[in-house]
Every structure is written in structure tokens, then in C-alpha cells.
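Numbers 37 to 144, taken from our numbering, label the letters of the sequence shown in order.
Hint data in this document are derived by calculation from the structure and do not stem from the laboratory.
Even for Gly, the Cβ is constructed at its ideal location relative to N, Cα and C.
With beta-carbon atoms standing in for the labels, derived distance ranges:
| no. | residue 1 | residue 2 | range |
| --- | --- | --- | --- |
| 1 | His102 | Leu63 | 14 to 22 Å |
| 2 | Pro126 | Asp56 | 32 to 40 Å |
| 3 | Leu54 | Pro126 | 38 to 46 Å |
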Amino acid sequence: DDDDDDHTHRSDAASPKLGDVVDAYELDPEVYLVSEATFVPRVGSAPDSEEGYIVVLATDTTDLDHLVTSLLILDAHRLADGPVATLRLPVAVPYGLHSAFVPEHLLT
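Produce the entire structure from the sequences given, and follow the hints as far as they go.
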């Protein structure tokens, strides 16, 4: 598949060192306020697996009177490809909201 040549997967790269950037997705910092990223494991993946998604809230500040927040969902191994899904939220989420993923079995 020729598309794989345009993106380096972690398994294809030399072992990264702590602090190395191996993949990235960026939004324009002049337009977006972005929350902390949260890792969500892929359903059925091993507990210590890196298979999953990165979810982040991004608020478009183009019109300060009408802020728009979206939930971006990115494949953790293909960040540079951009979101696999974007959900526009019905209200703007305040900047600074903290997040954490909690598996369903811990909630019941």
C-alpha cells in the first residue's frame, strides 16, 4: 500500500528515546485552544497495549462571542493523518477541563 510510505508507524521506526517526537498532529495555535490529550485503549486490545485513540477537545476561537468546541479522535499510531472522527459539541467547553479514561468495568 503506497499510503504507508507517507507515514512512519512506530513499529517501522528505530526505537525512539524518551522525549523523541515520533508522530504529531497540530492545530493552528492562533485559532484553537486545545485541552490535554487522553489515551483511550482500543476495544479488545491487551491491557498494556499502545493500540488505541487519542481524544482531545479543541475550541475554535475565531469568533470569541460564539466559541465552538469539537472532540477530536485520533488513531494513536497515525496522529499525522488527522482525526478519524470529529464531533462538534452543542456547547463550548471551558478551557482547562481535565480528562481521564476510566474503563467501563471500573464504573459499575
